[in-house]
Structure formats: C-alpha cells, structure tokens
Amino acid sequence: MNQRRLAFFGALTALLAGLLWTGAPARAELRIDITSGQVQPMPIAIPAFAGAGGAEAQAGSNIAGVISADLERSGLFRPIDPRSFIQNVSATDNTAPRFGDWRQLNAQALVTGSVQTQGDGRLGVQFRLWDVFAEQQLTGFGYTTTPQNWRRIAHIIADEIYKRITGEDGYFDTRIVYVAESGPAQDRIKRLAIMDQDGANNKYLTDGRALVLTPRFSPTAQEITYLSYAAKTPRVYLLNIDTGQQEVIGDFPGMTFAPRFSPDGNRVVLSRAENGATNIYAFDLRTHRATRLTDSQAIDTSPCYSPDGSQIVFNSDRGGSQQLYMMSAEGGGARRISFGSGRYGTPVWSPRGDLIAFTKIGGGSFYIGVMHPDGSGERLLTQGFLVEGPTWAPNGRVLMYFSQGPSDSRGYGGSPHLQTIDLTGYNRRDVPTPGAASDPAWSPLLR
Amino acid sequence: MRMKVIGLVGVILLLAACSSTPPAPPPAPPAGPAGPPAGSVIPGSQQDLAQNAGDRVFFEFDRSDITSEAQQILQRQATWLQHYPNVSVTIEGHCDERGTREYNLALGERRAAAVKNVLVAAGIPASRVSTISYGKERPIVVGSNEEAWAQNRVAITTVN
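Residue numbers (the numbering used here), protein chains in the order written: chain A, 838 to 1284; chain B, 486 to 645.
To be clear, the hints were calculated from the coordinates, so they are not data collected in a lab.
It is possible that some hints are incorrect.
[What the hints assert, rightly or not] Over the 10 Å line for every Cβ pair with chain A, so calculated as not near, a few chain B residues:
no., residue
1, D533
2, D547
3, T564
4, W565
5, Q567
6, H568
7, T585
8, G608
9, S618
[What the hints assert, rightly or not] Derived list of chain B stretches under chain A, where covered just means 3 residues or more per stretch with a C-beta under 8 Å from a C-beta of chain A:
no., segment
10, 587-600
11, 622-629
Cβ coordinates follow ideal geometry from the N, Cα and C atoms, glycine included.
Work out the full structure: start from the sequences and follow the hints.
Have a look at this one:
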C-alpha cells in the first residue's frame, strides 16, 4: 500500500515555483471565511494556462477549465467568463500580470499558469495565484507528471488555491466510490463504481451479477469494504482497487453488513445479524480476530469510528425506535445522543471530529443533518422524499449523499442520484454520474 | 382437486380482507390451452405453496411481530412443509422504502427470523429453513404509496 503511494509521489513531483513576486506593500489578506453561512463568491480569473505547442496549449486550456469548475462548485468562488479577458498572461513571464486589466473585470484573484512537455515526455505545469488588488503573488507551485494525469494536476492546483484563500485544506483531489444502479426497481442491477470527485474518470469495479451495497474507502483510498450478495448470503468484502482482488471479511455465520474502516485502517467495524438480533463487531485485518462490541436483542448497526479511533457512533432501536448511540471503541455501555423527534440513522463522524452527520426520518420526509458528538446543536441541512447516507469531504466542509424521488406504480421517478451540500446548508449541487447512483463514499485526499 | 384448490384460495382472500394491509393476490393459475390445467400444479412447488398455504406474511411499519393472520398462514406453511419433508425453503425478509438501507437490512433479517421461528416451533427442522434479508433493495411492488409499502413489508417463503 505504502509502496504504491510512494510510487505516485515519484510520478508527480511538486516544487515551489520560483521566487515569490512581491511588487506592492501588503494589504488586508485576500480571504474567504467559509464558516459563515452564505458567502459572496470571490470573483477569480483563471485564463487558459499557456502552452507552446498545440498539445500543451490544449492541456493548458483543459487544466484551467477543471480548476474553474472545481472552484465554482465549491460555491466560494465565481470564475469570471474567459471571453471578457483583456490580456493574455503566462506564468512563464517573469513579469507580473498587468493588474489594472484584471481590476477592470473586478477579479479579486488571478490564476496564471503554463504547461511544457519535458524531454522525457512528461508534462511540467506551473501556476501562480495572485491578489489582484494588493498586486502580490499569494502562492505558486510547479508539478511534473504524465500527460494523461493532467486532471489530477488541475485538482491539486484547485486545492492549493482553496487552501490559500480559505485557510483550510481542499477536497478536489479525491475520488468517490458509489453504487451505480440500472434496471427496474424490483430487480435493479447494482455495481460498485469509482470516479473523480467531479464525476470524471468513471469506472465500474464489479460486473453487476451480485447485488452490492454501501462501499467505504480505507484511509489510504486503496481498498474498499462493502456488502455483496455474491455468495447468496449477504457478507462484508474487501476489494483492492488496483489488483481487483476481493475477499470475504471474517468467518461469521449468518449475514454481515454495514462495514467501515477504523481510522488507522487496521480494523473493519461491521454488523452481524442472527436470529433477529443485529450486533456490532470489530474485525482486526491483521490478526483476523473478531471482537463483539454490542450484545443486545436490538438492531445495532451503521457503526462509525471517531477520527481518533477511541469511540464508535451507531444506530440502535434498543430504546424502541432507531436512534444514535455512542460507545467506546472497545464496546460496552452505550449512551443515546439523539433526542429530537423522528428516527435517526447512518451516523458518520466528520474527519475534523467536531460533528456527526446523520440521516433523519420524520413526518414523511428524510433529512440530512449534523450534531455535535454529545448530541447538542442538531442542524438539518437538507430535506427530501428520500435523502440518505451522508459522507464527508476530507476537509469536513461538504457532505455528499443520495437523493431519490417518489416512484409511481410503473417505477418512474424512483431513481437515486448523488448530491452535495455545504455544512452551512447552502450550495446544494447535483453530482454528475453516468446513470442512477446511491451510497457515495468520499475518499481522503489522494496525496 | 381443482375445487379444493379454489376453496383454499378463497379462504386466503377472506382472511386478507380482515387484514389492515391486504396481501398480494396469489399468482393466477396458468390458463389457456398451452398451459397445464390448474389442477396439475406440481406438488411441493412454489406455486403449490402459494396456492395451498400462502407464501407470504405481512408486517406493520418498522415491526417484525407475527400478526394473527400471519400466524394462520405460517401454520398452513408448516403443515404443507410436513407434507413435503424433502422440501427446504428460504425466508426472504423485505422492507418498505421508508428506512435507511442498513437498518432495513437488519429489519428484513429480523422479519425472516420471526417467520423461521414460527415454522420451527411448529415442528419444521431448522435445517430446512434458511433466511435472507433484502432490506429495501428488492421491492415486490413498485410505488411510493401506502399500498405498495404494505406489500413490501413482507417475508416470502421460497422453495429452494
């Protein structure tokens, strides 16, 4: 696993681009506060990255387009229409941009960049982020990679821009694993699929012969744990994305489901159902030993570790209806944390540790909401006929989930699709997928 | 034989009328000159079970209690299974769409287990009865309305 990550670092090298250009005195920081409700998106100009040859110019245009789309979808930036641009810029110039031209367009930030093909055929990409009003370079990096890897360079640059302007890590160089759905509702074909966070590079991981559900990434994003009916009995599996190798987790009698990795990747926590009772187990992937964590006649499922690995949040109907409970990662006494009206499920801990996202069902509607780990501060972010299964962007600022409308008796209308919403409750977006999609899981940052 | 089959079907429908959630009508017997006559349902088959005992029982929302109507159907299933000692069955537990996926997988298992327990208590060896949950993933009836949801909160006994 680590070897592959190292290999990737070899293929993609980053360096600080040249000297920081400091032409004007510092002024108030160009900054977006992403914690404050609905923000006014920052106008940003992202002209095509300069390239000498046709292929380089095309790559430069493509890279600028992907950066623009990433930043636009975040809701925090408003990329300015390139058709209004006054000057051609290139980061290879050692001179600063003509800031006056960009101020005329009300651009607060400007991204310039260039693409060169190197002797070994690899692509060299540089970019600089400028504060147009302060006339200062804010950051700049150079990257080298294979030409077919250009999208990742664009996402990495978008992450750098996001980080420099918001002060928080980005989430664009990430992937989504999800369940691709096709066919009639009574006999729907469900396949595991993986794609970039913006919907590009979609690829199917299973062939659809077996019903599969609830894929989740390992902390390295190299493995997926999921539920499959491949052996007739529903069981939790492990899939290596690179090798395609699949294996059953554990040797449990009966049905296992609802898997999630521990933050260190050494364990998978899952549920096992037997004779009407569903309990939670931790399976150690190194020792292949399972530890039983709950012992009830209730339905205890959808377990999720805290980012520090010390606690597990799950849902249980032990009190009569489906509610959220918290317990030590070693099992034992659990205390209820959800006390609002309705039923609560699918709790997922934010990577920042400060919030738990959940699905709530009440009054004929589904909701996606968040609460603090002690159960306080519940906020509902979005509502629908069926919205379910939140997953966090690695920076803990955006949630993805699936949404499905009511279906009529012919099955129309009941196809799920993926959506994102900001933690603020604003900026709801559809996520493009080739077909119907459910059960998204967001990877960590790939670097 | 034919009259007897029809008589049993009539009983099932009458029972259903008392239920708050009407079960699906049993599959129509094959008709037309090409199909076999209704009286020649293969003994011990799924169709035989559906017509002569009833192959499914229904549940209230978020519940796995065996209703009195369900109890009667399951007693007939047990009698039928005793009549065909070589037949083994799988109980499929299903849920309506108004729950989360993982919770409904557990609820479907609990419904299937509740049915299995009744059959075992009625003398059917546990080795002849397996269970599987489909949660809300394989609805029997499509539609987002009370009628469809009632049909989908179900445990179906399927002949292996």
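Hints and how they fare:
{"no.": "1", "hint": "D533", "in the structure": "holds (23 Å)"}
{"no.": "2", "hint": "D547", "in the structure": "violated (7 Å)"}
{"no.": "3", "hint": "T564", "in the structure": "holds (24 Å)"}
{"no.": "4", "hint": "W565", "in the structure": "holds (23 Å)"}
{"no.": "5", "hint": "Q567", "in the structure": "holds (22 Å)"}
{"no.": "6", "hint": "H568", "in the structure": "holds (26 Å)"}
{"no.": "7", "hint": "T585", "in the structure": "violated (4 Å)"}
{"no.": "8", "hint": "G608", "in the structure": "holds (18 Å)"}
{"no.": "9", "hint": "S618", "in the structure": "violated (6 Å)"}
{"no.": "10", "hint": "587-600", "in the structure": "holds (count 9)"}
{"no.": "11", "hint": "622-629", "in the structure": "holds (count 8)"}
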